[in-house]
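*Asks:* Listed below are the residues making up each chain.
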Amino acid sequence: QQQVKQSPQSLIVQKGGISIINCAYENTAFDYFPWYQQFPGKGPALLIAIRPDVSEKKEGRFTISFNKSAKQFSLHIMDSQPGDSATYFCAASMSGDYKLSFGAGTTVTVRA
Amino acid sequence: KAGVTQTPRYLIKTRGQQVTLSCSPISGHRSVSWYQQTPGQGLQFLFEYFSETQRNKGNFPGRFSGRQFSNSRSEMNVSTLELGDSALYLCASSLGPSGRAGDTQYFGPGTRLTVL
Numbered sequence: 001q002q003q004v005k006q007s008p009q010s011l012i013v014q015k016g017g018i019s020i021i022n023c024a025y026e027n028t029a030f031d032y033f034p035w036y037q038q039f040p041g042k043g044p045a046l047l048i049a050i051r052p053d054v055s056e057k058k059e060g061r062f063t064i065s066f067n068k069s070a071k072q073f074s075l076h077i078m079d080s081q082p083g084d085s086a087t088y089f090c091a092a093s094m095s096g097d098y099k100l101s102f103g104a105g106t107t108v109t110v111r112a
Numbered sequence: 113k114a115g116v117t118q119t120p121r122y123l124i125k126t127r128g129q130q131v132t133l134s135c136s137p138i139s140g141h142r143s144v145s146w147y148q149q150t151p152g153q154g155l156q157f158l159f160e161y162f163s164e165t166q167r168n169k170g171n172f173p174g175r176f177s178g179r180q181f182s183n184s185r186s187e188m189n190v191s192t193l194e195l196g197d198s199a200l201y202l203c204a205s206s207l208g209p210s211g212r213a214g215d216t217q218y219f220g221p222g223t224r225l226t227v228l
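Line by line, the protein sequences give chains A and B.
Heads up, the first sequence is in my numbering, so the first residue is 1 and it goes up one at a time.
Heads up, the second sequence is in my numbering, so the first residue is 113 and it goes up one at a time.
Okay, chain B solo, but in the shape it has when bound (with noise of 0.2 Å):
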């Protein structure tokens, strides 16, 4: 079974550009989630979708927004991009129907997004 597959895998934008970030989950599962890691704030929550609705969302300004797609893909959008915005993306997915902890996350390469 494939595992979470993340594109781009790198991007370098300049501040004030927008960008938009792909994650494709393992087969059958429903459930993706976002997460920022960087070496100052550490791997920080974003947002989590199932079924197409968000469920979660971490303390991140408006700019950062995502969605899921009916086949369970998912973007994150940043908009306006800052200095401070550069980090690893990662995604992570899981079966998710019940939202009982302990549903195993599986998480995919990351985006390493660079903003000049």
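Bound conformation, chain A alone (with noise of 0.2 Å):
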């Protein structure tokens, strides 16, 4: 059973143009909302995070958008680059549980 559900499954978006990253929980537990960057060979890393008592967090060109009456979060990355191409992942925690529980993934695609 997915605690976190993500879409869409994948994206094709001009280069400068925007990506949209949905993401829904249903457990009101979780305490902090990070999301991942994974390259083709290699292990994901930490793009951005949230916690669920702030609405948005921007980092450069990368935005989280925090909704949690609605249990809803979405990155948003702007001027979309062909180096943003790779597959990115939500996840959720919460304190005590020592796990990361993660959406199923989007792969991004931006076109030169």
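What the hints contain is simulated information worked out from the structure, not anything from laboratory work.
Don't take each hint at face value.
Said to hold, decoys possible - Derived list of chain B stretches under chain A, where covered just means 3 residues or more per stretch with a C-beta under 8 Å from a C-beta of chain A: (1) 145 to 155; (2) 187 to 199; (3) 219 to 227.
All C-beta atoms in this analysis are idealised placements derived from N, C-alpha and C, irrespective of residue type, glycine included.
Fit chain to chain and form the complex, with the hints in mind.
*Replies:* Given below as structure tokens:
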């Protein structure tokens, strides 16, 4: 049973465009929501993370929007670049659980 | 600072065999987690160790086991391999003393296991 649902499965965006990936969760005990980026042949790498007491967090071209009441959060990649082509995973965890629950992943392709 | 290292990077085994994978965490990190990544199931949590103690275990059969040594290095073992065990096995390390969510996990490159 997937605790974090992620969509879309894949998306294609033109260089300079905006990529948007959405995630939803059910467990209200989750209190940490990271996004990971994974390139082929590599392990996932932390991109950006948010806690539920904040509605938005921005780091460079990457922004997380968080809606606690809807139990949803999303990643926006602004001014998408070909180097952003990768698989993105949302995740959630709760204190004392010592694990990450991952979404299914979204493969982003940025066309030059 | 060196990242998380995993050995071997690639393994080919046959059904019924057993396999041991190794993970060396980032220096100073005491928590090590293991995840299985497959195209069908995505990233699934296997177990987490801190100071040689298993603090959490995912929903995998008992054929999957792990341990952590006093230097924080960790191994996972899969016995009686099945075709469905073919996957990328990822190790992640974090500082880990409090267990508070938000302790960043740093992933290694993984071990690609193929079961024939």
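*Asks:* Each of the hints needs a verdict: does it hold here or not?
*Replies:* So, going through the hints one by one against the coordinates:
no.: 1; hint: 145 to 155; verdict: holds (count 4)
no.: 2; hint: 187 to 199; verdict: violated (count 0)
no.: 3; hint: 219 to 227; verdict: holds (count 4)
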